[in-house]
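S.K.: In case you want the letters, here they are:
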Amino acid sequence: MDFNFTETQSMLRDTLRRYLADSYDFDSRQAMLKKDGGRDPGIWKALATEIGLLGAALPEQYGGFGGGPVDSMVLMEEFGRAIAVEPYVSTVVIGGNALVAAGGAHADALLPAIISGEAIIGAGFYEPQGRYNLADLRTTAKADGSGWTLNGHKSVVVAAPYATHFLVTARTGGSQREGAGVSLFLVEANSKGIVRRDYPTVDGFMASELYFENASVGPQALLGAEGGALPLVETLVDHATMAVCAEATGAMLKLHELTLDYARQRKQFGKAIGDFQVIQHRLVDMFMEAEQAKSMTLMGTLRLDDADRSKWVSQAKAKVNKGIRLLGQAAIQTHGGIGITTELSAGHYFKRLSIIETQFGDFDHHMARLEAGLMAEAA
Amino acid sequence: MDLAFSPEETAFREEVRAFIADNYPAHLRGKQDEGEELGRDDMLAWHKILAKKGWAAPAWPKDYGGTGWTATQRYIFSEESARAETIPPLPFGINMVGPVIYTFGTAEQKAKYLPGILSGDVWWCQGYSEPGAGSDLASLRTRAERVTEDGKDYYIVNGQKTWTTLAQHADWGFFLVRTAADGKPQEGISFLLIDMKTPGITVKPIITLGGEHEVNEVWLDNVKVPVENRIYEENKGWTCAKFLLAHERTGIAGVARSKRGIEKLKTIARAEQDGQGQPLLANPFFRRKVAELETDLTALEFTELRTLAGEASGKGPGPESSLLKVKGTEIQQRITELVLEAAGNYAAPYFRQFPEGSNEYPIGPDFAHRAAPTYFNMRKTSIYGGSNEIQRNIIAKMVLGL
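These protein sequences, in sequence, are chains A and B. Just add 129 to wherever you are in the first sequence, counting from 1, and you've got my numbering. Just add 560 to wherever you are in the second sequence, counting from 1, and you've got my numbering.
Note that these hints are calculated values from the structure, not bench results. All C-beta atoms, glycine included, are put in the ideal place defined by N, C-alpha and C. Mixed in with the good hints, there may be bad ones.
Here are the simulated DSS-like cross-link-like pairs (lysine-lysine), alpha carbons at most 30 Å apart as the crow flies [unchecked claim]:
#1 A:Lys396 with B:Lys802
#2 A:Lys400 with B:Lys744
#3 B:Lys802 with A:Lys400
#4 B:Lys672 with B:Lys802
Computed spacing ranges between beta-carbons, pair by pair [stated by the list, open to error]:
#5 A:Ala354 with B:Glu852: 37 to 47 Å
#6 A:Glu247 with B:Ile767: 32 to 42 Å
#7 A:Ala150 with B:Pro691: 24 to 34 Å
Sequences and hints are given; from them, build the entire structure.
M.R.: Shown next as C-alpha cells:
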C-alpha cells in the first residue's frame, strides 16, 4: 500500500496551486465572472500551455504525461480550493476518456487539441425527464444514409456556450430507460441543427440547454458501438463523479479553513466565537466531514478500474454529498449574516458545493445504486 | 379538550376565506405566480386592504386596533392567509415596533405612531444588529449623545447598523442606541424611533447569495433625533428589545406558511419524474423525507397551539417561544432542501428575473429557477431574529435553569 503521490503529481499540485493563488484569487474570480461570456478564456489556454497540465491524466501517445484518475484528482482538488469554473471535467475527464476509449482518427485528432487547450468539450448525458438516469433518453439518432440525424433536448450542458464539441447520448434503438439502444455521438458544436440556449449557473459556470433539431452529422460522429454505449457512458460518468468529489474535497477543506479563521477572529460576548464549545464541536464535525470526503475521494478514484466500481463510486459520492450538506450549512451558520452575502468567499464555496450535490447523482440516486447491489445480495 | 372547531369557528374560517378570495388583488397574485420581484407598493397592497377591514393586526389588543379574536380565530386567520399565499403585513411595524409602542410608549407616542403602523402607510425597519454586535446584541456601539438646542432636547446619533431588512423602502426605523457607557452593557441602551429622512442617514445595499437586495447597511452620521422619539426610559431600551424579541419569535414558527410550502413541494414532486418511471413523490427515498417533514411540522403545530392556549389564559410569550423559532426555521429550511433536490440538474441554471412581457420560457420546470436561490437565502432563518444558538441558550438558561 502506498498513498504517496508521485513526484510528477506533487509537482502538478504545487504548480497549479501557485498559479491559482496568483491568477484566480477570489477578487479575480468575481471580476472574471462579470466579463462577457462569464469567463476568461486565457486561463484555460494558460493551464494548457504555460503550465501544461491538461495532458497530465492522458496517455503519452497523444502528447499527455501518461497519468490517470489520480492526476485528475490532484488537479480537481486544487480547482475546488479556488472554486475555479474551468471545463476540466467535461473536456479532459469525460471527453478525454471517451476519446481514449474510442481510439482511431477521432483520438488522433482531438486528444492533442484537448491537451493544447484548443478543443473544449461539453457533455450532454442528461435530459429534462430523466433526472440522473443515463438511460432515460428521448433524444434519438436515425441513420439517414449519409450519417445520422439527431433530435432531442439535453439539459444543463456545462461549458456548452464555448465548447468546440459536444459529446451526447441518443437512442438508436430500444425504449426510454432501456439499457440497450444507447449510442454516443461526438459532434462539432457548430453543426447545423444544434440550437443552444446559454445561461450562467448559480455557482458561476456557463451552461446551455442543447436542442437537436434534425441535426445531421456524418457517420464518423458515432463513437463506439451503435446501441451499446451505456456501459462506456456509465464509466465516463463514474470518472466524472470522482473528479467532482475531488473538487468538493478541495472546496470543503478550504471552506473549513475559512470558517476556522472566522471563528478565531470574530468576537462576541468578549471572546472569539471559536472559544464557545458549541462552535468548537461544529468546527470539529466539519473537519471530520472534510477528512472523510478526502478519504472517500481517494478510495473511489483508486477503484475506478475495480469490478465493483459503481459501488465504490456511489459510496464516495453519497458520503461527499452528506458531508457537503453538513459542512456547507455549518460554515454559513458559523459566519452568521455575512455568510449569506456575496461579499465573502464563503458563500460562493457554499453555492458551488451545493450544486456539486446535484451533479452526477444526488444522495438518493447513489443510495439507490447501493441498495440495488444489496437487493442482489439478498436474493 | 377538543380539537374540533365550533360551528362559529367554521363560519369564521369561511368568512376569512371568502374575504381573501374576493379582495386579494389579481395583479399581485399574477406577480407571485410568476416569481416576479415585488416592489414597495406590492408589499403594502394587502396590508392596506386588511387595514380597511380592521384585520391588519389580529394580535394587538382591541383598544389599539386589534381584532379581539380568540387564539383559535387568529390561528384560523393565519392558516387561511397561508393557504391563499397572501403577502402578510410587514413584520417590522405590526409584529415588532407596534407592540413595543403600545406596551411601553406614552399616550402621545401611541397616538402618533400606531395609526400609521396599522394602516400600512408608514414603512418601518429595524436597527438592531451592528457589524460588531450580532448574537451579542448588547455590545452595540451606535451612540446617542444628548444635546440641547434652542431649548429643545435631542440625541445626536452616530454609528452603523447592518442586516437592516428592506430599509431601502423605510419611512421610519426603530433603533437600539447606546446612551450610557458605564455599567453592564444592557443597562446603557435606549430605544429610539428615527425618521429615515433625517439628514445623516445613508442606506447601502447588501446583496445576498441568491442575488437579492433584501438587507442593508444603515450608516448614521450626526443624526439629530428629538428626545421625545425615545420609547420608555433612557437606558432601559433593553427591556423593550427583549420584549420585542419574544414577540418576533412566536410569528417566526411559520406553521401555516410551512404547511403551504409542503403542499407546494408535493405538487412539484407529483409533477417531476424520478428517472425510474414514477413521480418523484412515489420514489421511496423522496417520499420518506416528505413524510418525516410532515411529521415534524405536526409536532411544531401542536407545540405552537399549546403555546397559544397558554397565551389565551394570560401567559405572555415566554422563553418557550425559542423552541418555536428553532424548530420552525429548521422546517422552513428543510422544505427548501427538498425543493432543491426535486430540481435535480435544473437547480443549476441561474435566472435573476425575466423581463416583463418577455416571451422567453424558463429553463427547466417553472419552480426550479428559484430552488437554489431560495435554499441559499433561507439559511438566514437560523441566523436572524436571535440565532438558533442564542435561542438554545435562552432555553438552557430560562427554561431548564442551567
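S.K.: If a hint holds in the structure, say so; if it does not, say that too.
M.R.: Against the structure, the hints:
no. : hint                               : result
1   : A:Lys396 with B:Lys802             : holds (22 Å)
2   : A:Lys400 with B:Lys744             : holds (16 Å)
3   : B:Lys802 with A:Lys400             : holds (23 Å)
4   : B:Lys672 with B:Lys802             : holds (23 Å)
5   : A:Ala354 with B:Glu852: 37 to 47 Å : holds (44 Å)
6   : A:Glu247 with B:Ile767: 32 to 42 Å : holds (37 Å)
7   : A:Ala150 with B:Pro691: 24 to 34 Å : holds (28 Å)
This entry satisfies every hint, going by the numbered hints stated previously.
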